[in-house]
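**Student:** Please build the complex by placing chain B on the supplied structure of chain A, with the hints as guidance.
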Amino acid sequence: MSTQLEEQKEEAQPETESPQERRLSEKEARAEAKERERRAREEIREADDSVTIKVFRYDPEVAGKEEPRFDDFQVPFFKGMTVLDALIYARDHYDSSLTFRHSCRQAVCGSDALFVNGKQRLGCKTQMAELDGPVRIEPLPHQDVVKDLVVDMEHFYEQMHAVEPYFQNEDLPEGEYEEQKQSPENREKIKMSTRCIWCGACMSSCNIAAGDNEYLGPAAINKAYRFAMDEREGEVTKEDRLEILEQENGVWRCQTQFSCTEVCPKDIPLTEHIQELKREAVKSNLKFW
Amino acid sequence: MHEHDVLVVGAGGAGLRAAIAAHEEGADVAMVTKLHPVRSHTGAAEGGINAALHPEDSWELHAYDTMKGSDYLGDAPAVETFAQDARDEVIQLEHWGMPFSREEDGTVSQRPFGGLSHPRTTYAGAETGHHLLHTMYEQVVKRGIEVYEEWHVMNLAVTDHDDVEDRECHGLVAYDIASGEIEGFRASDGVILATGGPGQVFDHTTNAVANTGDGYAMAYRAGVPLEDMEFVQFHPTTLPSTGVLISEGVRGEGGILYNDDEERLMFEYGYANNDGELASRDVVSRAELTEVNEGRGIEDEYVHLDMRHLGEERILDRLENILHLAEDFEGVDGLEEPMPVKPGQHYQMGGVETNENGQTCIDGLYAAGETACVSLHGANRLGGNALPELLVYGARAGKHAAGGDLGEAEIPTGPSAQNEASDMDAAAEIGALDAGSAGVAADGAAVDAQTVIEAAVQREQERVERLLEADGINHAHVRDDVQETMTENVNVFRREENLKDALADLREARERYQHVAVDDPSRTYNTDLIHTMETRNIIDVAESIAIGALAREEFRGAHWREQHQERKDDEWLKHTMLAWNDGAPQLYYKPVILEAEKEYEPKERSY
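Line by line, the protein sequences give chains A and B. As numbered in our numbering, residues 1 to 289 make up the first sequence, in order. As numbered in our numbering, residues 1 to 607 make up the second sequence, in order.
Errors might be hidden in some of the hints.
As the list claims (entries may be wrong) - Short derived list, chain B residues pointing at chain A, Cβ under 7 Å:
| hint | residue |
| --- | --- |
| 1 | G43 |
| 2 | I91 |
| 3 | D528 |
| 4 | R561 |
Just so you know, the hints here were simulated from the structure itself, not pulled from any lab data. All C-beta atoms, glycine included, are put in the ideal place defined by N, C-alpha and C.
Okay, chain A solo, but in the shape it has when bound:
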């Protein structure tokens, strides 16, 4: 299909761009190509009128589901249908025990990160028309499956909590209704990092995190980045944060494979953030482990 084309595009990028810009513009180009494909497929599907999803099923306590299996559901297709729409239809019309997390259906609650056709994606944000059928829907890899598409998020939350994920500044202004000042530039700098919705797609895609349960992982490091780069916290706190990130299970485990950046549904340049923290750590002259 388009693999060759994408590679050519990569080479055609001017060298003056930063790696982050380059990767984001590549991602954009891929998105455009995907969109073209999606439109084409949508037309075919509309004529076809239904799509098949192959859904991973598992329930540790229900006879017949203790052994993982895939169930096929054929659901009527409509224009704009998302993976989440297809799952809801299958659940409400064919099998009410089909289990998956979802809530906002607009890519902000982060509940429905799934492994769809071999890639981590948000179900609510992924158009059925952009996927090859039958569409294979699995729980996020590298996490324990609780049931069907629901995974145990506990480890993810623990890692998020491990980086002191809260703002720290004891030196607050004392005037009536007086805020801390933050330059628009600094706000812009942390903007992308603050968009994380804790969906866990990045962690699931990361080979390092898969092999090493202790590695903080991209989401937690990005959370630390959000505070370390926030000028309101001040230099002393930043040093403390870098110390946490520098430890054995911190930034140095990242091997810049970019899989997290690739799957992030909020387009956060995670790998770049990790790299920047590595540079900051070196700058601040802290020892490696």
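**Tutor:** This is chain B only, laid out in the frame that chain A set:
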């Protein structure tokens, strides 16, 4: 049994703020939520947080705008407390690290919003709710506040006195979604309901799938009156295919609404000759639907919201999230073309009756945020007033429950505040199918905490056994029917016969609900069971909205009635109250309070 001083049900903005306040007051506080906190729907709020921070602005102006926006159905003590406290709350958020959008001098930016006399909406891009939610969850983590996440609260544990005002809330019963365990929770100082809105009562809504009105329904069945439930906000700019919200911030920054003839409808047809697109939400929603009904809608369904003229730089700076939403959920590039929008259910003005301290008429039971009706928003909420409400009243409820001193409240609650009974004929039966046996038992039975909670646990265990063992219909079909009739009959424009049809349909839904069953036998993560329990709540809340809408024969704020096309202050300057009355609902009224520090004379509401 789990024991804490204060239990907070729900972990969105109001719940998180309440928990932090209770913790600061020294209480052992825990949160019980059917989602993980960061999944809460506060995260989807886009536009901003109103607070009169600018030296030329004042809390008095904010209170005045809010009262006018409410169409004079807000209670003055609630409105004034809100406008005063909102300023501290916004600054508190900033001190907790909230990434607000900034001016060149580093101060927090404020933008214009509908119905405001001054630009006082603070914001963080077009994803203010996301940042507010995460900032407060961070503070909960920092304080080590215990969170029972993915625990669905099934019911409250309330004593069974005949007189609602004698009842006490001792705790609750919750279901651990992961394991299927049903457990009792004791709260020695208070239970705070902060479960958000009931958007799933309708089928075109900006609300999340989890917004099933659990808090309203549980408080209502325990005996707390629901107040002004007919006042439902339909947001004028939602995406037609999914109901995803397009922030009022787009119009605040200068976005324009066009009909199919490319006319600027708000001015062309005189809906709001002064404020145009920035009129109050109820005004704009009616304008859009009138255009559609008169044949000037696009594809007979929606109108266009155009922001292209704002320029790419400004859009990316202040409204970037809107571009993503329009692209991902409607396939429209907001930089290149206008966005299709239509009204969608967005917010419930009415709710669980509380006073300014978050207290209900049941001792130890509180409500805050969208779940509560204090009454701040009256007949119509202004954009940017929901987030400060959940901060102000979340904090007050948390503080009061934990024993903090807020002074005596001025707003009376409970059936004793009634000044007029209703003689409305609902034309359909309402309430429990088997009134009397539902909810609490007869007076004189045990009232101590232990017994009350154990009895409540047992009732819920029996309910779950029944649902799991029975053969019957899938709740999803009942839920669909409720959503359909509410959207068809209890929408922006309301007619008597439609409202009666809705009540009849809801009666039928209630009867069908008797026959629902859960197919999935599993104790592990049984969402079939959770959703089935939610659907009962949806039915109760839907009915309360339809009854209120039928009772109120006037046109006020978001409530439009055919053949009653004016605001009738002589007759209707009062709150609609609906008490469950152990399954045989009673409708009554209580007066609006239009005077506190200032006096608010009802004026004609034009924008």
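**Student:** Check each numbered hint from earlier against the structure, then list the numbers of those it violates in ascending order.
**Tutor:** As far as the earlier hints go, only 4 is violated by this structure.
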